[in-house]
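Line order of the protein sequences matches chains A and B. The first sequence lines up with residues 0 to 289 when you count with numbering that gives the first Met the number 0. The second sequence lines up with residues 0 to 317 when you count with numbering that gives the first Met the number 0.
Note that these hints are calculated values from the structure, not bench results. Mixed in with the good hints there might be a few duds.
Short, incomplete list of chain A residues facing chain B, as computed with Cβ under 8 Å [as the list claims (entries may be wrong)]:
1. 7
2. 14
3. 52
4. 69
5. 73
6. 95
7. 100
8. 110
9. 113
10. 155
11. 177
12. 181
13. 217
14. 231
This one's a predicted model, so the numbers in the text were calculated from it and none came from an experiment. Backbone N, C-alpha and C define an ideal beta-carbon position, used for all residues, glycine too.
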Amino acid sequence: MHGKDRRGIWFVIPFLVAFLLFMVAPLGYAIYTSLYTTKIIGGTAFSGAANYTQTLHAGDFWSGVARVIIFAAIQIPVMLAIAFFFATIFDLGVVKYGRLFRTIFFIPFAVPAVVGAVMWTFLLEPQFGPFTHAASAIGFHGVNFFSSSLVFPSIIVIVIWEWTGYNMVILYTALRSVPRDVVEAAILDHAPLWKIILRVKLPMVRPAIVLLVFLNTIGALQLFTEPLILSYFEPQAISASYTPTLYIYNTAIGGGEYNLAAAAAVVLGVVIVAISVGSLIFRRRKGQLA
Amino acid sequence: MSAFPVSRRAQARRERRRCEQLEEEARAIPVKLYGLRRGTVTGLTALSMLFAIFTLVPIAWIVINSTKTQANIFESPGFWFARPFEFFRNFSLLFQNVDGYGTYFRWFLNTAVYALAGGIGATALAAFAGYGFARYAFRGSRALFYLVIAALLVPITAITLPLYLTYAKVHLINSIWGMILPSMVSPVGVYLMKVFVEVSVPRELLDAARIDGAGEIRIFFRLALPLMVPGLMTVLLLSIVGVWNNYFLPLIIFSQNQLYPLTVGLGLWSQRAQNSGNAELFPLVVVGGLVTIIPLIALFLVLQRYWRSGLLLGSLAN
Chain A
0 MHGKDRRGIW
10 FVIPFLVAFL
20 LFMVAPLGYA
30 IYTSLYTTKI
40 IGGTAFSGAA
50 NYTQTLHAGD
60 FWSGVARVII
70 FAAIQIPVML
80 AIAFFFATIF
90 DLGVVKYGRL
100 FRTIFFIPFA
110 VPAVVGAVMW
120 TFLLEPQFGP
130 FTHAASAIGF
140 HGVNFFSSSL
150 VFPSIIVIVI
160 WEWTGYNMVI
170 LYTALRSVPR
180 DVVEAAILDH
190 APLWKIILRV
200 KLPMVRPAIV
210 LLVFLNTIGA
220 LQLFTEPLIL
230 SYFEPQAISA
240 SYTPTLYIYN
250 TAIGGGEYNL
260 AAAAAVVLGV
270 VIVAISVGSL
280 IFRRRKGQLA
Chain B
0 MSAFPVSRRA
10 QARRERRRCE
20 QLEEEARAIP
30 VKLYGLRRGT
40 VTGLTALSML
50 FAIFTLVPIA
60 WIVINSTKTQ
70 ANIFESPGFW
80 FARPFEFFRN
90 FSLLFQNVDG
100 YGTYFRWFLN
110 TAVYALAGGI
120 GATALAAFAG
130 YGFARYAFRG
140 SRALFYLVIA
150 ALLVPITAIT
160 LPLYLTYAKV
170 HLINSIWGMI
180 LPSMVSPVGV
190 YLMKVFVEVS
200 VPRELLDAAR
210 IDGAGEIRIF
220 FRLALPLMVP
230 GLMTVLLLSI
240 VGVWNNYFLP
250 LIIFSQNQLY
260 PLTVGLGLWS
270 QRAQNSGNAE
280 LFPLVVVGGL
290 VTIIPLIALF
300 LVLQRYWRSG
310 LLLGSLAN
């Protein structure tokens, strides 16, 4: 090791200090807290796995976990398909005003989830919402986008609206870096366009797609802001444990059961790590087989 | 200053944009080579138009409805203007403490402070760390880097809630530092900066400077940093947006409304609008939402050149 290499640690230390203080330490504290129980009489006492047992048996926590997994399984493929479709046609240059469209599609990324959810709540509002009016104008009378059967697809639409453009721009930049001669060779071989897209371009941007699946999954499993804002306007549409993060929030802030909430946060963390790492391993194995 | 240098700069900017466009065209393969049927371009453009409409519908709605009274927000057609035109009255509400729960303008300033301080801090820390990870092989550097990447997996919930519990112990509840300091920790930023340094700061250049006797700090600031500007801009933008849009952390660590950022304030008003029957609150939420999104959209449009090239980094993952 060279002397200069050892000096490199000084560049990393400022970040590491902040990282330890504001990420690693809180995580450690969450685990610590989750092992204790606070009672009104008797104060705080070590309770071992009691909070975990309670979390593992909390049906409403797990129904929330199931809901966000289904949410991720629907929302992410649909969004990535749309994003890849537009990224491809913009990259090919087979669309007029592609630059303008790219800019427009990206706009929702700059809109806070709170404002996005507020706007969509107004648009979908069961009595006055323009979309409700539009639905009844084309024959669907009395549609309630916030009814128990439609609120879930409505949230999917909201999240797709928020994130498609961002994913599209990343896929677009990845597609741009596919070397031109590879595509030209395929054209000279008279490969049809769809084949060029799926057999030449798609495999070359696979790393970007894997990264996006990974990041979107982590985000989707923590779904929180959109359902919470919806619940402000339509309290009956969203239960207090609609998603695991809402469950944790309501257990801690609403119910004051911080130890239990900490245990639920740790369990959710484990679920998220398991799913995202699991999907990575699965992909890698599939890649080796191919 | 005279108008002369300004117009010259504008001219240079036009020139640069033209060059970029030419470059882009030169890189693109002519459409006719794909052997597409006639009408394909029109069809695909129409599809793009449809998705653009879907994207712009909520924005159009919020622009139009920021000009309406509460009654008209609900009763007039959502996508057309209605009399009376109340935009300026609604806008003036942003400077008043309408229902005793806080003033929008105050929250706007808070958000700007949190976003700028958090964003600049995150970018600085990420620039140092990314450079350190990319260009030095000190003991444990790989393991440390993987630890930082692993942090991407940790749900915000698992960190935010314990942050709140810890803050209660060290008096950071209702302190702006409780918001700003954690916002400075950006594992994604470190990752992006590392990749960016690997691609755009040549090792040979640094070694040459070392042979000339330059110190490590000097090399970083004088040689590496200027080459890292596009990456820095990307990380800065992403961090600013991250803090500007953050809801969960400020929601639980602030109980005094004069400390709220916009997201928490607007969330509170949404709740109060539904429950309190105050006739000003719905217009306030709408115009407040509009004013919240304008600065960020403007920032992105103005700085497009930078983050476009920087986002490429995301696709370089391997």
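Proposed interface contact between residue 73 of chain A and chain B, which counts if any beta carbon pair is under 8 Å: violated, 18 Å
Taking 8 Å as the limit, does the beta-carbon of residue 231 of chain A come near enough to a beta-carbon in chain B? Status holds, d = 4 Å.
Is the hint on residue 100 of chain A kept, meaning its closest Cβ partner in chain B is under 8 Å away? holds, 5 Å
Have a go at the residue 95 of chain A hint: is there a Cβ in chain B nearer than 8 Å to its own Cβ? holds, 5 Å
Are residue 14 of chain A and chain B close enough, Cβ to Cβ, to be under 8 Å, as the hint says? holds, 4 Å
Tell me if the interface restraint on residue 155 of chain A is satisfied: Cβ within less than 8 Å of some Cβ in chain B. violated, 14 Å
Would you settle whether the hint for residue 110 of chain A is holds or violated, based on the nearest Cβ-Cβ distance to chain B being less than 8 Å? holds, 5 Å
Interface hint outcome for residue 177 of chain A [beta carbon to chain B under 8 Å]: Residue 177 of chain A check fails; min Cβ-Cβ to chain B is 10 Å, beyond 8 Å.
Measuring from the C-beta of residue 69 of chain A to each C-beta in chain B, is the shortest one below 8 Å? violated, 18 Å
Tell me if residue 52 of chain A is really an interface residue toward chain B, meaning its C-beta lies closer than 8 Å to one of theirs. violated, 19 Å
Against chain B, run the beta carbon of residue 7 of chain A and see if the smallest gap drops under 8 Å. holds, 2 Å
Have a go at the residue 113 of chain A hint: is there a Cβ in chain B nearer than 8 Å to its own Cβ? holds, 4 Å
The structure is inconsistent with the numbered hints 3, 4, 5, 10, 11, 12, although it conforms to all the rest.
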